[in-house]
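Protein chains in written order, with the UniProt record's numbering: chain C, 1 to 230; chain V, 1 to 300; chain U, 1 to 451.
Derived from the structure by calculation, the hints contain no laboratory data.
Among the clues, some could well be false.
What the hints assert, rightly or not - Chain U side only, calculated, beta carbon under 7 Å to chain V, not exhaustive:
1. Ala-54
2. Ser-55
3. Asp-208
4. Lys-245
The beta carbon of each residue, even a glycine, is placed where N, CA and C say it ideally should be.
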Amino acid sequence: MVSLKQLDLTDLSVRQVNEYLHGGLLEERPARVEILNPDGLHSIAAGLDTEVDIDILGHAGYFIAGMNQRARVTIHGNVGWSVAENIMSGVVRVKGHASECAGASGHGGLLVIEGDASSRCGISLKGTEIVVGGSVGHFSAFMAQAGTLVVCGDAGPNLGDSLYEATIYVRGSIHSFGADAREEEMQADDFEKVAELLSRAEMNYDAREFKRVSSARSLYHWNADAHQEY
Amino acid sequence: MLSVCGIVGFLARRDADRERLGQLVTPMLECMATRGPDSAGLALFHRPLPASRRFALSTRDRGFDWQALAESCQQELGLPAPVAALDNHASLVSELQPDIFKPWLTSTFPEVHLLSTGHAIEIFKDEGHPEEIARRFHFTEMVGTHVVGHTRMATESAVSPAHAHPFTAGEDFCLVHNGSLSNPYSVRRKLESLGIAFETDNDTEAGCRFLEWRMREGDTLETAIEVAQAELDGFYTFLMATADKLVLVRDAFACKPAVVAETDDYVAVSSEFRSLAHLPDIKHAHVYEPAPEQIYSWSV
Amino acid sequence: MSSDKSIQREESASFNEHSLFYIRQAAEYGLYEIRGMGAKRRVPSFDDLIFLSASASRYPLEGYREKCESKTVLGTRYAKQPIELEIPITIAGMSFGSLSANVKEALGQAATQMGTSTTTGDGGMTPEERESSKTLVYQCLPSRYGFNPNDLRKADAIEMVLGQGAKPGGGGMLLGQKVSPRVAQMRTLPEGIDQRSACRHPDWTGPDDLKIKIEELREITDWKIPVYVKMGATRVREDVKLAVKAGADVVVIDGMQGGTAATQQVFIEHTGIPTLAALPLAVEALSDMNVLGEVQLIISGGIRTGADVAKALALGADAVSIGQGVLVALGCNHHAYQRADGEEVDVTADYAKLGTAPGYCHHCHTGQCPVGITTQDPELEPRLIPEVGAKRLKNYLQVLNMELTTLARACGKSNVHHLEKEDLAALTVEAAAMAKVPLAGTSWIPGTGSV
Chain C
1 MVSLKQLDLT
11 DLSVRQVNEY
21 LHGGLLEERP
31 ARVEILNPDG
41 LHSIAAGLDT
51 EVDIDILGHA
61 GYFIAGMNQR
71 ARVTIHGNVG
81 WSVAENIMSG
91 VVRVKGHASE
101 CAGASGHGGL
111 LVIEGDASSR
121 CGISLKGTEI
131 VVGGSVGHFS
141 AFMAQAGTLV
151 VCGDAGPNLG
161 DSLYEATIYV
171 RGSIHSFGAD
181 AREEEMQADD
191 FEKVAELLSR
201 AEMNYDAREF
211 KRVSSARSLY
221 HWNADAHQEY
Chain V
1 MLSVCGIVGF
11 LARRDADRER
21 LGQLVTPMLE
31 CMATRGPDSA
41 GLALFHRPLP
51 ASRRFALSTR
61 DRGFDWQALA
71 ESCQQELGLP
81 APVAALDNHA
91 SLVSELQPDI
101 FKPWLTSTFP
111 EVHLLSTGHA
121 IEIFKDEGHP
131 EEIARRFHFT
141 EMVGTHVVGH
151 TRMATESAVS
161 PAHAHPFTAG
171 EDFCLVHNGS
181 LSNPYSVRRK
191 LESLGIAFET
201 DNDTEAGCRF
211 LEWRMREGDT
221 LETAIEVAQA
231 ELDGFYTFLM
241 ATADKLVLVR
251 DAFACKPAVV
261 AETDDYVAVS
271 SEFRSLAHLP
281 DIKHAHVYEP
291 APEQIYSWSV
Chain U
1 MSSDKSIQRE
11 ESASFNEHSL
21 FYIRQAAEYG
31 LYEIRGMGAK
41 RRVPSFDDLI
51 FLSASASRYP
61 LEGYREKCES
71 KTVLGTRYAK
81 QPIELEIPIT
91 IAGMSFGSLS
101 ANVKEALGQA
111 ATQMGTSTTT
121 GDGGMTPEER
131 ESSKTLVYQC
141 LPSRYGFNPN
151 DLRKADAIEM
161 VLGQGAKPGG
171 GGMLLGQKVS
181 PRVAQMRTLP
191 EGIDQRSACR
201 HPDWTGPDDL
211 KIKIEELREI
221 TDWKIPVYVK
231 MGATRVREDV
241 KLAVKAGADV
251 VVIDGMQGGT
261 AATQQVFIEH
271 TGIPTLAALP
281 LAVEALSDMN
291 VLGEVQLIIS
301 GGIRTGADVA
311 KALALGADAV
321 SIGQGVLVAL
331 GCNHHAYQRA
341 DGEEVDVTAD
351 YAKLGTAPGY
361 CHHCHTGQCP
371 VGITTQDPEL
381 EPRLIPEVGA
391 KRLKNYLQVL
401 NMELTTLARA
411 CGKSNVHHLE
421 KEDLAALTVE
431 AAAMAKVPLA
441 GTSWIPGTGS
451 V
């Protein structure tokens, strides 16, 4: 058993790295895997289904840790589009900024973005908990169905457009709400939830500073009065 | 014809980087070949020539006699017109006025295509894999202040150099586009009714000529973009350049990617971070994503 | 006094009974009409083509003795494990949610017996469906309802859905009455609410980024299974090329007659081009890119008969996909459902409750399907018994393949994939122009300049 496995993307292809993470890893069982020189490459550590700590050292491309299950993946840099898309479980942490559609359609697990997340963060969310240390771009949590988006900075235009049952908490300012999203009063369990997520994400803010945003549920049933929103 | 592709841009803030511009930019362009393997192009901005203009020319004939063209130009139009030739591309520098040179070129050498006109701009573009084009036109040896480049995934049967980006209109202006405009034909008809001629059916050309028309009407590029935002519908990341500026804007939906890296030495723009990873000191660069509808402008 | 024939009683062609009704409905409800099934208007179709089967210049194969191969392989371009089918007729993607679990099971059983594939839909993969289907194509849709890596790894192929023929450019829709507890749970949504699926994918936009997405799916599945790209038929030539450039193993083109469980009627009748017109464009696009035979083509949208299948193959499709025809085989629009003992139970009254009658029903969206197919209602669902449905569907698929091989043999082919467009002639000028085959009795293909 090795304690640290290093995989260098200057020598290996993404295919070779993922092949190891889907196969060889299960036999070698390293405690930690370091992936060096990601240099914006895509789909690194996609489709993992094992308990392992993975550190990606540098900026990475699209779909990093896509569909993750159980693994704990840390990216020590920025990521491109759709980090941890469709994540099921485990933890994905971005030390830098995330581009568009972070955590898109995620079903479970925790996604932490220490920097800013761009547009459509948490789009189509289905249960994942996302904590963003910085701000989020426009149309974040678009059509989010379940799960939580915690934003420690500001939220861009059209926050929570066509929101279903996901909940959004924002510490900073909200540029504008999307269709059917509205601010609601924080309740005791909201404070608890935010405090718990901030603690798991290792973010040092006071839950009392956050606002709650959720669906007004006025689009849940087809009706002529809401025709502009369909 | 939509614009499926990778786009890149680079503005050097220091002379040392201007001297090695080609070495910095060529890998950026080649990396984006995965987004666009069928054709590539690049607009290089030299230090502006005070009186002369640079006419960038290309033809399909790889063995074309550029010297003969230069000589016949000088004989028939009466002003010196030296050419620097690179395979099927040539750059002709002359004090000739465009309204004299262009009709002469069209009638005398109809097989030669005028790619760009201006005191600073020189466009290179052709069909083929971006790496092959970079090699053919010695992109690594480029010297200049700033560059915009493009790699294209083509959909038409014949991939033609004319369809390759960058698109240009007027002088010292060019544009590359990732996305797909949804009303290019009505924009085009509007411009055609004003006497503006088109060379291709590409949606990007409509955007490019619209902006150039606004600038001729007196708008700054930034104002022209604001007007265009109301007129052009669809999805776009536009990267533009003039003799002294690099300008970037994304549509309101911002569905097509762009990433910017800035240091004290340079501004670099690309569709994907991947193509910026080799740049000097990238680890300490301010790397960010342009916000929707916001106009980003960097001056030389 | 004026008679029915007089000008006093002449119906306006523009404002006929149909238009008047439409305007009154719009004025009354303030909402566009949602319905199921495909386009009802007449469009040029495979019916407008005929085969030039063998006589003296070609020799036919004996129908009852000489074998005609119908094996079909899909996904040979990049996948380690291409799909191998016994017949070139596949079952189109239809969601659990729009259909009941019983129906999904019946589809799997029949397809498995016939050696062909079924496809999931906008609602994820059910265990019943996986278990009953030997070959199952897993759709990746904009909504991503129920999409997960465990099911992805169980799939035999992935179908990336950019759109469908009934509603290219539009998203799916599932009205609240069909969102049962199980459907709601699979889709991570509250029970009983009207679901509006997205029209674009949540994690990529445009073919250049689709290329990266497809690579991600291949990485996750270790490059084993094929990736299909399915699109509604609009700008077919460009779209097919872009799908190929984005890395598709198989391109699926769904013509305007393609069905849906529920969408705006304005989409169904006014978007997309007919299947007959779409198919030759798709073939030309593959040919332009020199990937004929490397990237397979599936065509769908209004395929009903073995003759339709044969004509589609002759025009260059590698396989067809069927949705509505399959539902009709199960009993859709029939006046009765079949009990386990074989007895038929008349449900004309249930059709009447929906305001319709057998033969005219497009009320899939209501979830009140009188024959228990497009429903989640615990009282209606048992009307379709999986084994009964599977038997009927197997029969239907068998007839289609028998008709296909019969026509192929009559054209002198020992393999259905050897049918070619020169085996066809058109009965109408429209069909000749769209299919790019000569008008019968002439060598004229309108629009090509050839005489």
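Please list, smallest to largest, the hint numbers that this structure does not respect. 1 and 2
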